[in-house]
Each structure stands twice: as C-alpha cells, then as structure tokens.
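Chains as they are written, first to last, in this note's numbering: chain H, 1341 to 1463; chain L, 8 to 137; chain U, 12 to 107.
In short, the hints are calculated from the structure, not lab data.
Fair warning: this is a prediction, and the values are worked out from it, not measured in the lab.
Here a beta-carbon is modelled for each residue, glycine too, at the ideal position from N, C-alpha and C.
For the chain H half of the interface with chain L, some residues (derived, Cβ under 8 Å), not all of them:
1) K1347
2) T1369
3) A1373
4) H1459
5) G1462
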Amino acid sequence: MTSAGKKSVLIVIRHSPYGSSLARASLDTALAAAAFEQPVQLLFMGDGVLQLLANQDSKAIGARNMGSLLSSLPLYDINSVYVDAEAGLRYGVDLSRAPVATKALAGSEIHQLMSSFDHLLGF
Amino acid sequence: MIYSLLVVSSPASGGCTQTASGFARSLLTRGHSIHRVFFLDAGTDTGAATAVFPQDEVDRLQPWVELAEQHAVELILCISSALKRGMLDQAEANRHDRVAATIHPAFTISGLGQLVDATANSDRLVTFGG
Amino acid sequence: MILHTLNASPGSSAFNDCLKVITPGDSLLLMGDGVYAAIADTDASRKLGSCGAHIHILQQDAVARGIDKLVTEANRVDLDGFVTLTEQYPRQQAWY
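Same shape as in the complex, but just chain H (with noise of 0.2 Å):
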C-alpha cells in the first residue's frame, strides 16, 4: 500500500451555511488542498445544500458570504461538486442558479461516488 503522493479526497459537506462554523471549514479545508495541489472534489447533501442558495448576502450579519467563497471554486480548480439531488429538492435549491456549477446525484449514486476516493473528510 502506498503511503506518500497524492490521495484523492472527498470532502462531504453537510451543514448549512450561518447556523455552525463547520460550513467554512469545510470550505476552507477545500481550498487549502487545493492550494497544495491535493485532488479534491465536494459533495453537499443534506442541510449541506442550502449553501447553494443564490443571492446571499451575510454582511448584516457580519459572516464571510459562503456563495462568493464557493462561486471562487473554479478559479482554484476545483470543479467537480455534487448535490444530493434529493436534499435540493426538499428545500426548493434551484440548483441551476447555485453559486457554483453542480452534478445531481440519487443517493444509488453518491454510494458509487464515495467508494471512488481514498479518504472521505466528513463535515
């Protein structure tokens, strides 16, 4: 078994935006693998979706807008981000206005998707 090099990553993210600071975490975890030339993808499910509202705006509440830190994804080169489609549907997300562009996925699917990584980072 390998030890050293690079290790395909998934970082899934399950909490919502404002209401816990694991949303930006997890983000952040995102963005410093990527910084590092680390292979990382995301993956939203549950109350994980409604950070792909669109149109948010948190500087009354004083908290770094969750939407522009993810509509800067790409510029890292992290494009792949899946949706539990079934989780965007129960909270009306419409997914085709999210900050970011993001493959839907039935939950048959995230199984399939999850197994294709070497570590899974739960968030």
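Guided by the hints, dock chains L and U onto chain H, whose structure is given.
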C-alpha cells in the same frame, strides 16, 4: 498502516474526543503509526491548557498529552479555528497582543495545509465529530 | 466499501443521510448518541436491519446510556474492534 485523525468535536461536550484519544492509543498498541492528529473547529478546544474538568469526570486533556509526550504523536490545532476560540500559543499571544498563551505545549498551532498533508501521507484518515 | 460511523441520535439528519448512502457490504459503527439506533424493536433499528450493512456498536457508549435491549444483529466492539474495522475498510465516512 499509517493513520491520521481529524477531530472536530469539543471535549467539553459529549465523549467523542475521549473516544478519539482512546482510538489513538489502540492504534499504537496494535502496531500502527500515527502521522498526525489534526483538530479543527470545536475540536481545537481540546488543546486548552486552562480547562478544569469536574472531579467526577475524567480529564480529557491528559490522554492527548501522554500521546504527545510518550509516543511523539503530533497534535495540530487549526490556526483559524483556534484563534477565534482564544486558543493561543506564546507566539500568537505576542503577535495579537493577548495577555497569555492558553494552549498546552503538547499542541502546535498551524494551518489547514497540515490536514491536507495528513490526507496525502496516510493510509487511513479517521474523522471524529459530533 | 465504506466504514460509516454514526455519532448522532436516530432523530437526526445524520442518521437519515447515513441510511441514504449505506449499502450491503459496508459496515456501520454506532457511537455516542448513535447507539440509540440499535435499541431493539424500534423504527430506527428496523431501518438499520433493512439496510443490509454490518452493524457494530461501541460497547462503552451503549453501556453508559443504559441500552440493554440491543438488536441481535449488532456486533459489540471496543476501541480495538473499532481499529480493526478501520483496518478492514479503506475509507471512513463520519456522520454526526
């Protein structure tokens, strides 16, 4: 095998960090090596040198200190998570003009790059949250 | 093959998201409040039973919480058993 651990839960709530330190000890007993333990978000509370646990509960700091001192396990607190929780080493306390360092010297403050490095250099990455 | 760890009660979204993904051939380790999902004759444990994965339960957390009526298919493990599971499964997903 080479393991790294990611701890995102606080020792002040629930037993997860206690489970994580016990898991780390089991890893070493079974002959594995630990590349790094990275504490993120509420997990950074683990490094608090000033935490006082009730006498009828176990000390949740000491097992980590033993892992660091007896087995040279590297314990890293995420800098952005740590600073906003008032978790400072002496250098950060000086830099930000705060009265005191608050983390135990068994822990080191560093960036998320250390977590990225841990994923790249470990066969297993085990996350402790909740 | 995925080792799932669940550290949240069966009323949580973590429980539901875990069940959505888990597949026969996976293992699920219940820890912390996750152990409540293994109480025999409950909706939660019936859902676990039908997911087809191997169910493990962290003994110390079940004992602490007074859970003595465990579903029969749950395999009790200590921390060494937890380590063994991570040896067997190349990746872990933490639900919490």
